[in-house]
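Student: Position chain B relative to chain A; hints supplied.
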Amino acid sequence: MRRILIVDDAATVRMYHRGILESAGYLVEEAWNGIEALEKALEAPFDLYIVDINMPKLDGYGFLRELRQQQIAQQPAVMVSTEAAAGDERMAYQSGANSYLVKPVVQSQLLSHVRLLLGEANQ
Amino acid sequence: MSPVPPNPLLEQFISESRDLLEASGKKLMQLEDAPDDQVILNELFRCVHTLKGNSGLFTFPEMTRVLHAGEDLLGMVRSGQAIYSRELADRLLDAMDYVGLLCGEIEATDGIDASRALESQHLADALRKLMPNLIPNQDAAAVRDGDSPVVANAQTSPADNPSADLKQFAAIPAVARKSALERCRQGDQLHWISYRPQRECFFHGDDPLNSARQTPGLIWGRILAPGPLPPLSELDTYSCLLGFDLLTNAPREELDQYYRYLPDQVEIIAVPAQWLEKGHGDADGASKALSRAIPSGSFSEDDEAAFNWILAAQRQILLLDDRPAWHAGRLKAIAEVLANLSQAVGETSTRSDIQTALAEALSTGHNTLLLAWLDAWIVTRKTIQPVAGLSWARGTDGIMAAAKTDSNLDVGSATAGDPSKAPADEGVRFGRRAEDSLTGTRSLKVDQTKIDRLMNLIGELVVEKNALPYLAQRAEVQFGSRELSREIKGQYSVINRIADEMQDAIMQVRMMAVSFVFQRFPRLVRDTSRKLGKEVQLVLEGEQTEADKNIIESLADPLIHIVRNSLDHGLESPEVRLAAGKPATGKLTIRAAQEADRVVIEIVDDGKGIDPAVIKQKAYEKGIIDEATLERISDQEAINLIFAAGLSTAAVISDLSGRGVGMDVVRSAVEKINGTVVIESELGKGTSIRISLPLSMAVTQVMVIESDGQLFGVPMDHVIETVRVTRDSIHAIKQTKTAVLRGRIVPLKSLNTLLGIAAIPRLNSDDELAVLLVQAGNAELGLIVDGFQETMGVIQKPFSGFLTGLSAYSGSALMGDGSVLMILNIREIV
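Line order of the protein sequences matches chains A and B.
End of the first sequence = 123 in the working numbering, gap-free, step of one.
End of the second sequence = 1830 in the working numbering, gap-free, step of one.
By construction, these hints were calculated from the structure, which means they are not laboratory data.
Cβ atoms here follow ideal geometry from the backbone N, Cα and C, with glycine treated the same way.
Check the hints yourself; a few may be wrong.
[Unchecked claim] Selected chain A positions facing chain B (Cβ under 10 Å, derived; list incomplete):
| hint | residue |
| --- | --- |
| 1 | R65 |
| 2 | Q94 |
| 3 | N98 |
[Stated by the list, open to error] Distance ranges between label pairs, derived from CB positions:
| hint | chain 1 | residue 1 | chain 2 | residue 2 | range |
| --- | --- | --- | --- | --- | --- |
| 4 | A | P45 | B | H1366 | 34 to 42 Å |
| 5 | A | G25 | B | V1509 | 36 to 44 Å |
| 6 | B | A1114 | A | P45 | 44 to 52 Å |
| 7 | A | P45 | B | L1461 | 48 to 56 Å |
For reference, chain B alone in the conformation it holds in the complex:
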């Protein structure tokens, strides 16, 4: 009976849940700024509502319980019964985090570990505590679990039968509950059995588990520990500490007979249907009567239940005495349903009768004839006994009473206006299309490995196509066919263009907005600043700036670290800020922008800034700089020391940004993806950290240089310019060769020396040396090489295996002629 989902459904569930969780988080953040915004609140409610509804398709009670509590709470906020507060937001965020966690667990293991139940209960309780007018204890929470509205009954039913504590029914899962209700509607009496075996029962020859399992008419059951369990070491395996709760549809006599030897251990309570389900209780009598009117031969149990249900529903609709604008349509639909029902039970001749009754109802505005037909039909289906007839009447009264109270309801409230006018208003809205909605986006989710594969393939294509010019050359030189050579070149240019475009297109697919990383900051800043007792306003700019997925992803950790540092060490507490003449609320700005072929991200705070004196002193104490350096270095250089390993500026080590490890890690993480990080700080005013990253890592522009007959690539990110320096303009200062370039003294180093090549740099005919001016970190350096060649875009492949230790190179790339170009790692070799 229980809906066993096929795997794709579970995948869909997880994926949709993730989207909904993300949306909920975002909405909660927005609500923080505008707690009265009904639109956002409604959207948030719907997110949680949908999440809960979806989770109900599976058996994830831990998840459903928390979501249900969240939904109820939000429902109360929406209706003004509960007030939105920071605490409320905190609890909801906790709940969402937990659900996210469960999603991960379900994805990994297809289920939820049983140990999660307690946590789920705590979270649900925490949410329910925030609800006013509701007993915030576990029982109330438990009763509301599943999808049963038992709470509505809670005020009345326990009084009728004190021994039947309603919270027990909450444990019954919806599926079992439903099946029980269906039995009930077919006239069965349900019984709740609470069986508490004696501790020493095993010595009496009892087999409680077996007894419980063999209980006649068992619909559902559970094992529970009625009392506290002793510690494991003291547990006596020969005493029974467990009990059973069972729900059955067997008659009382049969149960009494079955448990006749255990009367003192078993309590049997008759369970009326409405204890399990409210709202349908009044239709039960009718259903009971109806069930006897149906030919049971061709009908399954479900069919019978559905038949009764639908028939009762049509009757209930006919008894409504409101006359809305859509009344005629509603009547027609009922007539259609009645005709279909009778067709389904093989009575096709009734269709004309129904049509007559419908026509009458439509012309007079009274449903009497239709209702009479319906009742007559039920009666002509015979065998309704007097007693059943009575309960039918009682049921009718119930429905009528319900309909009466209902007419006081403002039906129009849902359409916000006069119901008779509402349709016209809504008619105007047909023009809207689904595309302008959030969930209707025309996007496609693709596994990343598929994109990566495309990326690799295009990489190979780019390299392979570079072989064509060589082929053209050979055709001309080796085979003397200039025409063929020209044709090959022509083809090459076409393929080249297509390959370029294709590469560009695939890169576009891999492009991701930085909002992917930014979106977690509102939460992070909020939680962290509150933990620290600071007031922080977060400003995010340029969230739509895009870069390659890998770049964006590797940006996350360094950014988080910087933000934490800012919150922890940069921004001051409100008191300190006020004393310094600043507004109590600190400001943290995270800004992204594209500058040429790079993405620049700035993290700016208006905190206390970095004191160069403190840094210098710390660095000296830790032996990072010597005394001479201490005297000499500028303030900016001192601030840059923050990137040195092992330097902590925090007076108190906090658990947030750690021990000041971090900034050096940040720098190495950024540099790993060919980025740079620059810090500026003004004491008392604030700190600004600027990260510059390439848009994409896939294609690296390199300048090809020659040294001792070999070719090397230097990433263009590092190249400042190429110059020729005459030999006599090179001077030696303290054993270092230098040259004056554009008015500055630049140290020169021979690439041969750096790579351990014995050959001396070649001079050209004008007695000049080729110098490649490169940027290494914050310093400039002239690399003496033998010659420059062209710049080209290459797909750089990092080394693997034994070659990973070659730190002088950042990787290799294939050239068009099939040869391998080694890409220099400038920072490492200088």
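Just chain A, same shape as in the assembly:
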């Protein structure tokens, strides 16, 4: 099973994303800030990261920079934000995100993204 890490400080958002991803058969883990996410990722890299921007201690940008800095196999990362702001989107790409979605992410949209980023053939 493909493992996905949800990094978000909002428990409600984590629960929402987890629900969608688990129903599609993915193995989901959660981290509530960048530091915790890094610890988990360094322990065993995930196949995909879904990352919030604004978090305590280490925000999403910081987490992605650190993740990309670590010269391990590089898995795709999606940044989710509450703002459809161009500045935030550029910053996300600079930091190492591979895509940028605006919350709330609709179920079908999230699953399409995840499937494609994981290279899964479509049924």
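Tutor: For chain B alone, kept in the frame of chain A given last:
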């Protein structure tokens, strides 16, 4: 399409919202004292931000609107564009209260009443008014609603097309907006239709609602009243007063054809994608071109959109010309994504090409090959038409320009330092664990009924285990088996110990810090004192002191009342204080501490104190005391009169603490949970009120006494001591029996008489009477009983049903042998 949340998600949302609201309130209070504290400000911002983000998962526009305004405002404070002020704090607190209210409503009814919308708009407007450089009108506020950044466009777009007022787009919910944008990216042209049927349209055979609904390509629509509506009594049901706004992706010709009979009532405007969304507009051309390159057979609409989106994003990243320390990792991730994308569309052979391009990019530091591969891949996926190619190029320029301006950005600012060094710094921080954070607490939220059930069960266990000693006795006396008796006793002591520990553990679970009640005081004191025009400094001490949940909860109302009284009647206005030689700012201290098995809470103010003369006079006027009492009572006794019902000391009745009802209510509320309240006051210096409460209500220590062959329990809180008094040392003063105990004259009363039992008190062989010295209110009294027995912990059950009227008893408890012990209500019987 819209995210329909399962119920647990909603519950999670409400619960998290409550936590966040509480945290926000606390942070706002802290900011009041330290408005420049960036850390607190950031935390506050994040709270509101998260709240808003969460609310966006559901369709609660009323909530999102207010939170969005709050977030924007705080964002401006954070960046120094707006200044923190009391008014700002007030408005934010109002907003938080409102959101809390909505949470309650959602919890109760699963939704928000439509009537809340107006309030929400007012609150959001009030917040936006505090933002500088922004038109503080409703339109600007409305435009920023939802999660669309239309404001950024607001300066340019309306000029291009004056008839398209951008605020209209704000009404489009995010979900519809997104779906519209996706259509747009697939090459559809969006149209905004504003359809204003004529008033008399019904007489022309028009069916406007149906027409609107049947509009081709309808994505979203709304009904609105373009003009003011007349009062209900004058409303003509045969005239059409409503209009429609519609968003469709049907081609213009089709729309013109559809509305050909209503040209004068319909306005159709072409909507470019960037009106709906800024920032992605430049990628649209590319997406348009790309969408034709994708095999559409196995792809859903969402897949196509996602595919285009991701591809465009990778291209945008490759065009970045910054070279941060994590550049290599970033490239690898792109390569991974590209390989996965091609795998997803069934082209597995491209992986090696991508790897080659990646290796080249990594070794040379130029992305050219990767970029070339990407572009080539798009081209080899064929069918890109010249026109599309053009727009692709234009799109590229856009992205490039964006990347150029971007390189001027200080990327490191987010990590506060040189980006190349940042990772090393952050590496050190791995040691930190999640436990030392607020949200990571290892606590468990449990429904109170579950705890109550445990509590009841342990109560029964405690009572049932007391049957074992009786059983042991029977084994010995009735069946003559001393050994069995001893074994039972042995087992009993083990069970006893475990039950005690278990009871203790469950009590611990029920323990709550008084901060639960205290936390509302900063806000209460702030709001109240400002309403009264007084300056008050609130000092809270011992907030971590714990007591049983029920005690803490029943403490809230009396405490609030006392605090209000202090603010209203105790503390003076700044002018009066200065004139009296006191600092202008009054001080109100609320202090909690544990003393033995009781919690003591003191509310101390340095206000004007209570004038005993005024109280005496008032009490006399209201007939609470007679003239003789008026002459006789001491100042302290006079001050205690404040607890008498119906006494108001306020010269002016204020809406805050009411009419001086209150202090008597406070006392009865405190006494109901076996507490006591004592007041001390010094004229001109201030007042101190001391509430003493048991730590827990669950187990009551009682002394068992005997009277006329029956057993009664007296709560140990009331028991001062047990004494034996010889008959001849009892004297009668004015028909009252008294005895001198420890140098004081104490009135004596026979329990039999008080309970209406005819029997006379029994004397023991030494001609002595058993007297239980009890405290009833502020007075001491000797209760003449027949004998004393042991003290024990019992679970007191209040009476229910017909027995509730028995005021002489506060409840009953089960004894170990199964008999019922009546617990006396000392205050009532004396």
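Student: So, for every hint listed, does it hold in this structure?
Tutor: Verification of the supplied hints:
For R65 (chain A), the interface hint holds, since its Cβ comes within 10 Å of a Cβ in chain B; the closest pair sits about 5 Å apart. The interface hint given for Q94 (chain A) is met, as the beta carbon of that residue sits about 6 Å from the closest beta carbon of chain B, less than 10 Å. Because the closest C-beta pair between N98 (chain A) and chain B is about 5 Å apart, less than 10 Å, the hint holds. Between P45 (chain A) and H1366 (chain B) the CB atoms are about 27 Å apart, so this pair departs from the stated range of 34 to 42 Å.
For G25 (chain A) and V1509 (chain B), the Cβ-Cβ distance of about 39 Å falls inside the hinted range of 36 to 44 Å, so the restraint holds. At about 48 Å, the beta-carbon gap between A1114 (chain B) and P45 (chain A) stays in the expected band of 44 to 52 Å. Roughly 52 Å separates the CB atoms of P45 (chain A) and L1461 (chain B), a value that falls within the hinted 48 to 56 Å.
Going down the numbered hints, you'll see the structure goes against just number 4.
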